[in-house]
Amino acid sequence: MAHTADSTHPTPAILAEVKPAILPRAELVEHNRDFSWITEKICGIIEGKTPTWWWWCFGVACFVASFTVIGIAYLVATGVGVWGHRNPVNWGWPIVNFVFWIGIGHAGTLISAILCLLRQKWRTSINRAAEAMTIFAVVCAAIFPVFHVGRVWYAWFLFPIPNYNQIWQNFRSPLEWDVFAVSTYGTVSVLFWYVGMIPDLAVLRDRFYNAGNKLRSSLYGFFAMGWRGSNRHWSNYEMAYLILAGVATPLVLSVHTIVSFDFAVSLIPGWHTTIFPPYFVAGAIFSGFGMVLTLMLPLRAIYKMEDLITQYHIDCMCKITLATGTMVGYAYAMEFFIAWYGANPYEGFAFINRAFGPFAWSYWIMISCNVITPQFFWFKKVRQNTTMVWVLSIFVNVGMWFERFVIICTSLTRDFLPSSWAYFSPSIVDIFTFFGTFGVFSVLFLLFIRFLPVMPMAEIKAVTPGADPHAGHAHH
Amino acid sequence: MKRKFHHPAPSETELKHGPKYWRSLDELASTPGFKARLAQEFPEGASSIEGVDRRQFMKVMAASFALGGVGLAGCRRPEANILPYGKSVEGVIPGLPLYFATAMPIRKTAIPLLAETHQGRPTKLEGNPSYTPHGGASSLHAQASVLDLYDPDRATAHTQDGAKLTSAAVNDLLAKLGSDYSSTGGAGLAFLAEESASPTRARLVAKLRSKFPSAIWAEYEPLQDEPPLAAAQAAFGKDVKPLYRFAKAKRIVSIDADFLHAESGSLYFAREFAKARKVIKRDDPMNRLYAVESTFTLTGSMADHRLRLASSHMLAFAAALANNVMGSSPLDVLSQGLDFPRQTEWLEACAEDLRNHKGECLVVAGSHQPPAVHAIAYALNSYLGNIGLTVDFVAVESSPAASITDLAKAVKVGAVKSLVVLGGNPAYNAPAELDWAALQKSVSSVIRYGYYVDETSAAAGTHLAAAHYLEAWGDARTVDGTIVPVQPMILPLFGGLTEIEVLSRILGEENTDPYSLVHATIGKLTGGDETAFQKFLHDGLLADTTYPVVKVSFDMKGTGPLFKSAPAPAALSRSNLEVRFATDHKMDDGRFINNGWLQECPDPISKITWDNAIFVSPRLAKELDILPKDSLIQVARIGLADSDRGVEMAPVGEVTINGRTVRGPIHIQPGLSNYTIVLPLGYGHAVTGRVGEGSGFNAYSIRTSTTQAFATGASLTLTGERVKLANTQEHWSMEGRDLVREANLDEVQDPHGAGLAFVNAIGLEAHSPPIYGEEGEKMTLAEKATLTPRGNSLYESPDYKGLHQWGMSIDLNTCIGCNACIVACQAENNIPIVGKDQTLRGRSMHWIRLDRYYSDGKADGRAMADLFGGEPSGNRDIPEDPQVSLQPVACMQCELAPCETVCPVNATVHDDEGLNVMAYNRCIGTRYCANNCPYKVRRFNYFDWNQRELDKLYLGPLGPQGMPELVKMVKNPEVTVRMRGVMEKCTYCVQRIENGKIQHKVKMAKAGRPGDVVVPDGEIKSACQQACPVDAIDFGNILDPESAVSKAKAREHDYALLGYLNIRPRTTYLGKLRNPNPHMPDYDKMPFSRIENANKNHPPAAHGEEHGAEESKHGHEETGHTSVKTNTRIGGLS
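Those protein sequences? They're chains A and B, same order as listed. If you're matching positions, the first sequence starts at 1 in the numbering used here and goes up one per residue. If you're matching positions, the second sequence starts at 1 in the numbering used here and goes up one per residue.
Since the hints were derived computationally from the structure, they do not count as laboratory data. We put the beta carbon where it would ideally sit given N, CA and C, even for glycine. Errors might be hidden in some of the hints.
[Claimed, not checked] DEER-style ranges, computed between Cβ atoms:
{"hint": "1", "chain 1": "A", "residue 1": "Ala-77", "chain 2": "B", "residue 2": "Gly-120", "range": "36 to 42 Å"}
{"hint": "2", "chain 1": "B", "residue 1": "Gly-959", "chain 2": "A", "residue 2": "Trp-361", "range": "34 to 40 Å"}
{"hint": "3", "chain 1": "B", "residue 1": "Asn-995", "chain 2": "A", "residue 2": "Ala-77", "range": "33 to 39 Å"}
{"hint": "4", "chain 1": "B", "residue 1": "Val-1013", "chain 2": "A", "residue 2": "Thr-274", "range": "55 to 61 Å"}
{"hint": "5", "chain 1": "A", "residue 1": "Phe-438", "chain 2": "B", "residue 2": "Gly-120", "range": "35 to 41 Å"}
{"hint": "6", "chain 1": "A", "residue 1": "Phe-171", "chain 2": "B", "residue 2": "Asn-995", "range": "43 to 49 Å"}
[Unchecked claim] Simulated coverage check for chain B against chain A, where a stretch passes if three residues somewhere in it have a Cβ under 8 Å from a Cβ of chain A:
{"hint": "7", "segment": "496-508"}
{"hint": "8", "segment": "753-765"}
{"hint": "9", "segment": "841-850"}
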């Protein structure tokens, strides 16, 4: 800077340069915890004795997960008829569940990728768990489209494998786009998660080696891929991570856009809507953050990680939830406006029927959970009350499930010809299979917190004051 | 190909003396490679064996052994015997079906048919086109009857007291019966038979009477479907029956007559009726139908003026009408007590209309009505000069049979020692006061001949298995008297007997073979001309054997006694209800109870499957407090169907009349006379097969011989229970949508109006950019089918370069909703049934369905007005007196099919002839296509319907698997039987199309014109088209401007359902017309559905300036752009 302060001159009335006061930024790691504390805290979860509560939770989760396994086995052996589908509601709960889970999977990559590119440092302590959540949610999501087909043993027809009949896939079908979108998303999410974990895996490797646990040391070592933490490693790692963040960023938008095409590309009133892609993406992020809050708040309490997941983190997530929830609310309103403005009686009916038809109950659950609930986050007091935040996040999850239910079921039950109109209700198998996926998710998540570092130690350390070369000095 | 070892090396002498041969250039050149190979006997791979040990040999050969073991079982011959297909019927080409003429006898008529047989097994029935009055059409029951042949639950053996009887034993039994009674002249012997139109049976019965003069020959039919002879006797002094010529009738009054379905000859009448209803050009005449009825029949649904009136008031109505038509008549007194709203105006206007059409109008009375009503109808027809023009009277033989009541009396006094029950099911459907089952048990020896082991068999010692008509030789007469053969297509599957064989054995005839019996009967008529007999069998009819038309003159005096005992119409109320025992649309008299196709076919009006119900009017429902509460706003109609999550939960009621009570679910049926409750007959069998078990309730149990059709003095109480009814259509309103487009004839014929093009003003497409752009105006239909003029689309349309472009046109104006197409499609395309439980779950599989909408002109769809104030819409309740609009819907074969774009695996694609085809093997069952189909005509196999028992679907692999052999036999071998997990839908009968193309190609190649492969119009018919009794369906090549379908589509009132979606359906509809009389009190300027459409889309509040301009463009100012106030309709007698 060219300017040098000259103290001999009197201070002019108007400053030559404005020096904005620096507001103290919220600490990302509170109580000035040092590197060692962070390492001990996070590795301690893995190295410590398996807590009893974990076994209980794991047992219950396995039991619940068995519902899905049994439900799917029964379905494959018997036929799709064991679900509640009917004419004209040929997609029911399974697709609702699919979109629900895939939506949840959005927060992880958003936090990891977009916030990484935007240099939002507060992402660090929540991104690992959020990414894991993404992957497990994609696993749960993938179960439904695969098994909802009538002949799952031919599901490989969906992949462009050269075959004797020379029948190619139909690349005009949004379902085919789904196949690529979801599998790409799944792959990139796993890669991103894994690459980000390598330095931490190396830490675990070394610690287990030092503790004399050869087996675990070599297992972590295998996955740490020979990480030594050299400058070159770090340099390559940072670049790889950045590239992956760049690759993953469009995926955050594309996956749910394409999932929304499943509906938007069709001609069913209530589905045939151009607002769907942005509306679905906003909804997905909304639900994703809802789920992150649902999971992180108990985790934070159990492992006493208030210093790592600070009030500031919670605040940020609440604000994003508020923003996306409001976007979703705007989309709901806009759908009605367009239905009216479009002057197509079929479209108009679809939306009136949504709000006042036989499925009105589900519509109003959706509205209250998705539009009203996030408005509480305007208030700082609410954001600071973790119990309240957790309860509200549950409402968000419920609301977003109902959003998909409303879109799929109300539109299909009453479309063009009133002669085909019908009501939809799920079968017990529907309910149990969906319920079981929470078990599947929990099993995976419990294994994750038990065996993998739930937070990126390296990255957290990087955002602590200790990582700053000028640590302990003034901010200049 | 010869191997090298076939050419051994030459011997030494040959080498020395013979010519030098070499086997190849290699040998000549003596290459080392050749020398090496020469040494090997087996060239390829043999060297690897050479010089190896046994172990190595085994290794090399192991694969061969294994293959040999798997594939050929050691070259042993199969142990089971196989029968060569060496000798076969003449003309059989394996793989191609053969057609034989036969006929389905039912009561006093028969439907001439052609049976399609594959390797000797009948799979499908079609109408016999040689019988011109039917023109190749067939009925619902004829279509479904083939399934009965392969019913695993039919009687499969003759039994006596539970033990099986051999055929020889049966023959002895029957012969003994005859000889036992020959000495007594038949005293103590009694027969109870069904009515029959078989000349051979008539001949044998006559013989029986002469051989056993003291025996009782009684006939009983639970349904009366021909006008009572007593009326004709009284009116004309002759045994004649009316044969209506509906095609010539411009004005028709139906007095409780369902001549389109329940009357005998309904197929004949429906065709004639449709001819006078078809409108091709705007000035074409169209008949006008006044229907007065208590229940809601198909005839009533076609009516231009429908009056709801109790069946017991029909006599008064007929008398009042006669009074009005004739000015005055002695019958005036009979009309006392008749009371319906605006009665005078109604009767005067109707009478005036009839008087203006003397000689070209027709009054028809329902067969179940008492003779007095028929006498008045005859009087009216006579007065109006219709006899000989719109109605002929033909001579019929009166049947001298005793009634079942006479027989019952004889049994009671012990005059019957042996009873032979030929067919029927009296223990189930005899008048209740007879208590037939007990009566029958009191007879010491009862031989029951029947197709099923049923209630009557349970009360009989001996059961003789009857043959299906497709297994039996016989003959019958059609409604106009033409004699038709009943030919067997297959040997009786279970050794069943035919009725004439049973009779001839009892008679002790020398020749009891049914073929010979028929041969003898026909021989008498043809003078023993063998060629004529062959022609009779070949054509399926004996020409010029119609009943003779008799000249009759009406005699009022003769009818006097008929009116004497006529009761005055009773005032009906909730406590004094009328019960109408109605012919069920599907079960007939109950004989089809075990027919799955019919059970699952929805009733055309109520849409109920698998059950009957107590039908009550909305008024009565309101008084009983079972009318569902209306919705908050009209558009949503929550609760209107009174459904629990989409399932009709019918309250159970008890109908009591004269101390007899029957219990059943109550269905609220619009359009019924207010205090008439309708009980469809034919359900509720105590002993039946697996399909019919537990289906419905038995209304016969409260029906007595004096109240065969209707009775008054009934009460209905609620039990508080609710049961599920499998109703396939939950929603009854069209919601003001442009689906069935209707207009009144006077609007169409208004010279200032849009004419038949009214359909264009109704649709949403009227307000959307034209699909084909401005150029489309100049394009022919053929060009529209093949070119893709749409602008800026990313996608190319499918390649429509095929020589044929298939299309269909459905005339909503003539469709009577008979359901024949639905079952014809089911039979042709191997469509499974899914059972009541799965129907309740919304999974029925019909490829074509019949949508039924009620409209009362009140729905205006102004939901927003309801929500945010303003005048609330009127239509919240189930209408009491609706108009019905029917619409058959199958896959439309959209050119830009929305189902195709969304299938991820290309399992549903377009072919170059415009068919939307399904590759079942490719389908993985994502069901996206079904979601995206705006017509919802795609059907998904949620379970393995064909392989699993319908009540054990949820057991999955734990349940039994496999299709019974007998059921397999009914499957059409040309159509894939779909497995679970795949989507299916109408294909325009692609198997018929391909067959037609191949046959035409072969024919042309033989004729020396191999290039001429375009199939002429009419050679290929889809199953629905072929069955349709009223020719409402045209199918063919739309590239050919002369084809029937092209002509139909070129008509002005052709429109595409949901055409605005630009999916370009290949099936289009012809708009529906109504022809109300402007002078009638219930006249409305527009059909109700049209009023609803106008009110919905152009509500008065929103009727702004901008629409004024459009009105002139769309022609007639009332074609859809003004809100219309409904006239009040005329309710029933209250």
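Now for the hints, and whether the structure bears them out:
1. A:Ala-77 to B:Gly-120: 36 to 42 Å: holds (38 Å)
2. B:Gly-959 to A:Trp-361: 34 to 40 Å: Between Gly-959 (chain B) and Trp-361 (chain A), where Cβ atoms are some 36 Å apart, the hint holds.
3. B:Asn-995 to A:Ala-77: 33 to 39 Å: holds (38 Å)
4. B:Val-1013 to A:Thr-274: 55 to 61 Å: violated (46 Å)
5. A:Phe-438 to B:Gly-120: 35 to 41 Å: Violated: the Cβ-Cβ distance is about 59 Å, outside 35 to 41 Å.
6. A:Phe-171 to B:Asn-995: 43 to 49 Å: Between Phe-171 (chain A) and Asn-995 (chain B), where Cβ atoms are some 34 Å apart, the hint is violated.
7. 496-508: violated (count 0)
8. 753-765: violated (count 1)
9. 841-850: holds (count 5)
In this structure, the earlier hints numbered 4, 5, 6, 7 and 8 are contradicted, and the remaining ones agree with it.
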